[in-house]
Amino acid sequence: MTIARVIVDVPSRDTDRAFDYTIPERLQGWVEIGSRVAVPFGPRKLQGIVIGLAEDADVELAKLKPIEEVLDALPPLSPELVELGEWMSRRWLCPLTVSLQAMLPAALKGRSEKYVFPAAGAQWSDEETARSGGLLLALRKGKPLKLAMLLQQYPEQGAALKRWLRQGRLEERQRVEDKSSGKTVYTVFPADAETLLKAVEEIPARASKQREVVRYLAENNDPIAVARLAAEASTTSATIRSLEERGLLEIRSVTEERDPYADRDFTASNPMVLTPKQATALAPIVDALNERSSEAFLLHGVTGSGKTEVYLQAIQRCLELGREAIVLVPEIALTAQLVERFKSRFGALVAVLHSRLSNGERYDEWRKIREGRAQVAVGARSAIFAPFSSIGLIVIDEEHETSYKQEESPRYHAREVAIERARLHGAAVVLGSATPALETYEAAAHTRGGSQSGLGKIGYIGLPERVANRPLPGVQIVDMREELKLGNRAMFSRSLAAAIKDRLEKQEQIVLLLNRRGYATFVMCRSCGYTAACPHCEISLTYHRGSSNLRCHYCGYSEAEPKTCPSCESPHIRFFGTGTQKVEEALAEAFPGIRVIRMDVDTTTEKGSHERWLTEFRERRADVLLGTQMVAKGLDFPYVTLVGVLAADSALRLPDFRAPERTFQLLTQVAGRAGRHELPGEVIIQTYDPEHESITSVQGHDYQGFVERALLLRKQLGYPPYGRLIGVTFSHESAAMLLSIGGQFASGLRERAMELGIRKEFDSTGASALEVLGPVSSPIARLKDRYRFQCMVKYRGDVDASLLVSRVLGEIGEAAKRGGVQISVDVDPQMML
DNA sequence: AGCACGCCGACT
DNA sequence: GTCGGCGTGCTC
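Start counting the first sequence at 1; every next residue gets the next number (UniProt numbering).
Check the hints yourself; a few may be wrong.
Derived lysine-lysine pairs resembling DSS-like cross-links, with alpha carbons at most 27 Å apart [stated by the list, open to error]:
hint, residue 1, residue 2
1, Lys582, Lys506
2, Lys715, Lys405
3, Lys162, Lys146
Hints are computed from structural coordinates only; laboratory data are not their basis.
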């Protein structure tokens, strides 16, 4: 008897283990590791993933319930992805179902739905009917209705529904449903009649049902739905399945496909001739591919050095070897321009996965991969889970981007998942960036010395020059304090204003970066000092001019623009700080006739708007592309010769040890947008802190220098990559409980560390150390009506802090649950806020 | 996480 | 007496 070990879709600590089920006869052969199944669980019916099959497991069979259904013709996950999920849940301390669920396309994240319908012979009095406000009339039409929908439509009838269900006058039924709208039919594609007839002889006489099916198919040699064929031959799908194993037929899920790129022509492109530098960069990657060794490389190339062509040719080689490739790109860089580059080189072999596709479209692309019709997957973070079976190469472009870390559970980092997945496949990893993350750089620089970062060995490949020897743009730093002294109170310095005017005359283009959206960043009353804050979060509200309201950028709350102070009714209420909307206005004022495209979260929510703006800019229907960091990444426009940064230090003062690194990276990236083609580029950076290293290093394009100094500082303070962090956040609607639960966690962890003889101090001896900071109120003390406290665990890489933390959480979990305190754990947090 | 079961106050 | 409040414990 085979037992299936199933992870049910209940994301909690208590249920984070496999539950055993029997496999009923009709599903024999369909249940595999990675199958998605519907199972009974207590009184409910749930979706689950099979993570193991055990022959006659050591359990009381009588206690086991059978699997109810297998939900896909092909298991959506492979044993390798299940293993990867197990690794993830250990690495980032999340329930296994959460990491497995993260690998499925949204269309397959079916939830179970409850339906209710009247029991046979159930009666209701006229009075009850009248009081139900139409509910009973709807129900008595006979069709089962969704319980969730009824509760939403008749909110007052909840109690009545419950009563009737208990009394048995209503019945409920639960089904696990897919979200995908496209209809899927599992279809049998038979081999040709001749092959089938020949094969009949070889099928053992005992397998009479199989023979019958084959004879049927020999006569009716057309594709037929699995269910119909089973009915036709009065047998079960298990029979058909074994025929598939004999190679006499193929079962495929057939759907109407939506190809989001169907209406577009891609002109074929051939490999370009590599520069000698590019060729040198490519060589070690190709060596690794040929040897099938799971090596990782940092491809450190300045902006415009032609990294993409290196990726393309590495992928080419990978495909020639009959293996598949994954390319990760930051979401906002995943533009038509980039997709086109891959499509034109590899054609229909490319599947594209990004968040702007509908669930259905995404599911189609995902199936192309699963069914082997695509060999290259290009996508954002979650494309790292592309269901390939033989991966040869994983490329992560702009590997330093923060978007590779998922900010909700599972809080994984795609870079690390890539390295682990590559290890399982014997695949090469290429991490490309002009400004590598300090963690990556350190791992590459000290690969021989033994790195603390946890990334393992990384080979270093440098690409220090732009193609065709185009110079890097000149960078000018403007001290805005000097401007103020000279009486210039405008938001554009004299040199930036002059440069803008010059480009307008020459009909060249300009990119302007300001990392704050909205119009004004805070609202204050000059009489009483009142500032407008979100009632749900401890965050000041941002004024948006178009809609004349104040908005919270954390929870989306908005309120009307105040005319007088809500606190003292003084009319002296003023808007402070500059956002992109205000810059747009100032540009129009200072340069009449200027054509500006503003690109930020507010103007790009609509589907396709992002690409539309970029196309408009590329076609030079605008002079200025003004925006938040989304204008800094990966864009390549030949006529951009000026890049202006309005407030370079805006992110520098955040209470986050990575703030200087982020600032340097952002400035370098945006500077790289200028002068990428024939026309030379110029960059003007405005700041109130012109001496700051994050800014001065951009001027000299001095990554090396910046990084060496930053790493030294990190080492002194025990921050990553030399020490590591785990952030634990406790939240509750009231603050009262948080300090005590947080305190219990901190002291519990300190005790455990002491027992194991782990030192508290980080010192030069290099001995294991672990330190617990907090609990303290989080930098954002309240978010969406919940107060937040946090602890930060700082430790050296040789301490298994994850294990310690999960043990302590196990101890205090009960108390936290009773008190209603939510705990979220972030291993290797990327944002300190 | 849900959902049932169980033991307590406020209604017909 | 019953309805429904939410604390507790279990789900193969």
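How the hints compare with the structure:
1. Lys582 / Lys506: 25 Å, holds
2. Lys715 / Lys405: 23 Å, holds
3. Lys162 / Lys146: Measuring from Cα to Cα gives roughly 14 Å; hence the hint holds.
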